[in-house]
Every structure is written in C-alpha cells, then in structure tokens.
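*Asks:* So the chains spell out like this:
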Amino acid sequence: MAAEGGLTTSGYIIHHLTNLTFGKLPEGFVRYNGEVVGEGGTWTIAHGNEAATMGFWAINLDTMLFSVGLGMLFIWLFKKAATKATTGVPGNLQNFCEWIVEFVDEQVKSSFHSRNQVVAPLALTIFVWVFLMNLMDLIPVDWIPYLAQQMGVPYLKIVPSTDVNATMGMSLSVFALIIYYSLSVKGPKEFIGELTLQPLGKWALPANLFLEGVNLLAKPVSLGLRLFGNMYAGEMIFILIALLPFWIQWVLSVPWAIFHILVITLQAFIFMVLTIVYLSMAHESH
Amino acid sequence: MNINATIIGQAIAFFFFVWFCMKFVWPPLTGALRERQKKIAEGLDAADRASRDLELAKEKATQALREGKEEAAAIIEQANKRANQIVDDAKEQAIEEGNRLKEAAKAEIEQEVNRAKEALRAQVAVLAVAGAEKILGKSVDSKASAELVDKLAAEL
Chain R
896 MAAEGGLTTS GYIIHHLTNL TFGKLPEGFV RYNGEVVGEG GTWTIAHGNE AATMGFWAIN
956 LDTMLFSVGL GMLFIWLFKK AATKATTGVP GNLQNFCEWI VEFVDEQVKS SFHSRNQVVA
1016 PLALTIFVWV FLMNLMDLIP VDWIPYLAQQ MGVPYLKIVP STDVNATMGM SLSVFALIIY
1076 YSLSVKGPKE FIGELTLQPL GKWALPANLF LEGVNLLAKP VSLGLRLFGN MYAGEMIFIL
1136 IALLPFWIQW VLSVPWAIFH ILVITLQAFI FMVLTIVYLS MAHESH
Chain L
73 MNINATIIGQ AIAFFFFVWF CMKFVWPPLT GALRERQKKI AEGLDAADRA SRDLELAKEK
133 ATQALREGKE EAAAIIEQAN KRANQIVDDA KEQAIEEGNR LKEAAKAEIE QEVNRAKEAL
193 RAQVAVLAVA GAEKILGKSV DSKASAELVD KLAAEL
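Each protein sequence line maps, in turn, to chains R and L. Count along the first sequence from 1, then add 895; that gives the number in our numbering. Count along the second sequence from 1, then add 72; that gives the number in our numbering.
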C-alpha cells in the first residue's frame, strides 16, 4: 500500500490522519502546488498542512459528515423502534433498542439520584452515538478513503472520534450542561461557594479557586481527550498494520480489531458514565 | 489536527441529537417498557389468583364428594334399618296372628268338648235311667229319678 501513488510511508500515515478541512486561506499564501492565493483570500479545501493556516474558522467536512450521518442513523433507528413500540411482544428492533435503553437507564439510576429528564436521553445519545462513531474504526482503513480518492476527494477520515474537534465538541457540550445545572440547581451562590470556600476554608480563597478550577476544567478536557486519544491510537495502529505486506496484515489486524471491539464499546461506556457522574455532581450539594 | 469550527458544529449536532432523543425516542421506549412491566406483573398476579382459585375449587369438590358419600352411606343405613324394622314388624304380626288363631282354635275346641260333654251327659242320664229300668225291671218314677240322674250327670 505504502508504495502506491508514490506515497512514502510517513506520507501515507499523514494522509490517513489528515481531515478534509474546508476553510479560508489568506491572501498571498503559497499553496501546496505552488499557487499563490489571490486578493481577499480564498475558500477551499486544505491540502497538506494548509489547515493550520486556516485558523479556527474552518470545518472538517469528513468529521461533520460522518458524525452527523451516524447521529442520524441513531435517531432514525431508535425513532423507528419508538414509533412502533408496543407493550405486547416486541419485535427484534424494539427488543434491541429496549435492551440498550434499559442498560443506559440502569446506569443512570445507579449513579444519578436527582430528578432530571435530560440526563437519561443524554446518556443514551452519547453511548450509541459515540459507539457508532468508534465503530467506523473497524472498517478497514483504506477502503473508504481509497474510494473517496478515486472520486476526487483528497482526504477522508471516516472515524469522527479520532478528530479532537468532535470529542471536544461533545465534552464541551457536557461541560456547558455541568455549568448550567450547577447554576440552576444549586444556585450561583452555592456554586461559587463550592469553587472558592473549599477545601481549605475561606482564608485560602485563591488556593481554593485554583484547585477547584483545575478540578472543574479537567472534566471536559479529560473527557474529550480520553476518547480522542484512545481512538486516535487505535486508528494509528490500524494504519501501521496496513503498511505491512498485504498477506501478513490479517495476523495483526484481526486480533487488534477484535480487541478494538472491546475498546470502542468501553470508550463509549466511559464517556457515558462520566457524563452521568459529572452531571450528578452538578446536582448534588456537598 | 487543528482545533476549528468543527467543535461548534459537533456541539450543535450533539445538542440536536440529545434533544431529539429526549423528545421522541426516550419517552415512548421507556413508556413501553414500564407498560409491559405492569402487564407482566398483572399477568403473574392473575395466574396466582387462578391457581389459588383452582386450589379452592379442588378443596370444595373433595368436600362435596365426601359429603355426598356420607349422605349416601346414611341413606343406605337408614334403608337397611327400615327394612329390618319391616321384617321384624311382619314377624311380630305373623306371630300375633298365629297366636290369635291358636287361641281361637283352642276356644272352639273347648266349646266343642263342652258341647260333646253336655251331649254325653244327657245321653249318660238317659242310658243310666234305661239301665236302671232294665235292672229294676220296672219303670222308675221318671220324675224323681230324673232329678237324681241330673245330679249324677252334673257330678260327671
């Protein structure tokens, strides 16, 4: 594989780890093929490391496409089950969905003790969506990107959870919910009190604020980066295995894929459970 | 690996999916689950009740059977008793009747005997007078001897 298309090994790896980014290149920028961007800049798809220049206002098309597509798959599937939900003998799809719903519900009930209608559906969405995004990792690394390349798409990363933007997007959303519920359930006074008056008492207020601030901020960062790191590393191993001669790849890729089934489920589960726990902490006074 | 607006897009998608799930997926599915749970609980309850009812009905049936048997036994016993009584009554009646007949026969016989005795006595008197006439060779004063003979006859 590595030799195909004149790619070097590192080129192959980098190619597989580059998102399909759409953004604006500034005026005067020299592009990958030597072209110079004209006046006013230009909106285009990034090649090579051009994405770095595009700054914040660029979007990873592949991440958005696959994550939204998988999210749609999730809500379509579950909506179908929910629409046809019967209290009698359930069909296969309903059985399957109910199994997941019950599993998630149990997790929520065991660690979340306040009353909140959002947490359980949130946990279900996270679990299934993250699982589906992770599941893309099990599709052989070359299939879809190769197909896309044949159709003229230069880069395609099909696993949204190997994009730090996707995982951080979710974890920051969870963070927003943590802040929201901390403020609305406990009230601003108690929330600020928790941040400043413990663990050392009110005379050590700056130290408290520092400790609790780190504690609070570590939640979304660790949540997002844990998922990202695990999936990125897993993807990387698959890419490295794909560099081997084709007749030996299965010796490594099959065991790794089987092991990865555990990893992707576990990561989805961890993301869900930590979200529940964080939101539970946001609801409970100390 | 650059942080870019994808993070915002992802957050929006995330909130949309959570909202959708909360609105259209979670309530019907958990509702169906709860409903089914209730149904199953009711079914189990009904089964319990039915088995209890069955137990009760069985008990009742055995009791009815027992009562029926007892009644039948009582009736049979009564019938036997009655039959015995009838037989005894009949026997008694027969004995009584026999005795009565015997008495009657006895009385008749006695009457006959007495009548015969009377007749005999009368004849004995006549014979005695005739005998005495023969012995005496003359007629006896029938009037005086008749008295005597009657006395004699009464002594017989």
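In short, the hints are calculated from the structure, not lab data. The beta carbon of each residue, even a glycine, is placed where N, CA and C say it ideally should be. Among these hints, one or two may not hold up.
Stated by the list, open to error - Facing chain L, a subset of chain R residues (Cβ under 8 Å, in silico):
id, residue
1, H911
2, G918
3, P921
4, E922
5, E945
6, W952
7, E1001
*Asks:* All hints, please: hold or fail.
*Replies:* Evaluated hints:
no.	hint	result
1	H911	13 Å, violated
2	G918	7 Å, holds
3	P921	15 Å, violated
4	E922	20 Å, violated
5	E945	10 Å, violated
6	W952	6 Å, holds
7	E1001	12 Å, violated
Of the numbered hints listed earlier, those contradicted by the structure are 1, 3, 4, 5, 7.
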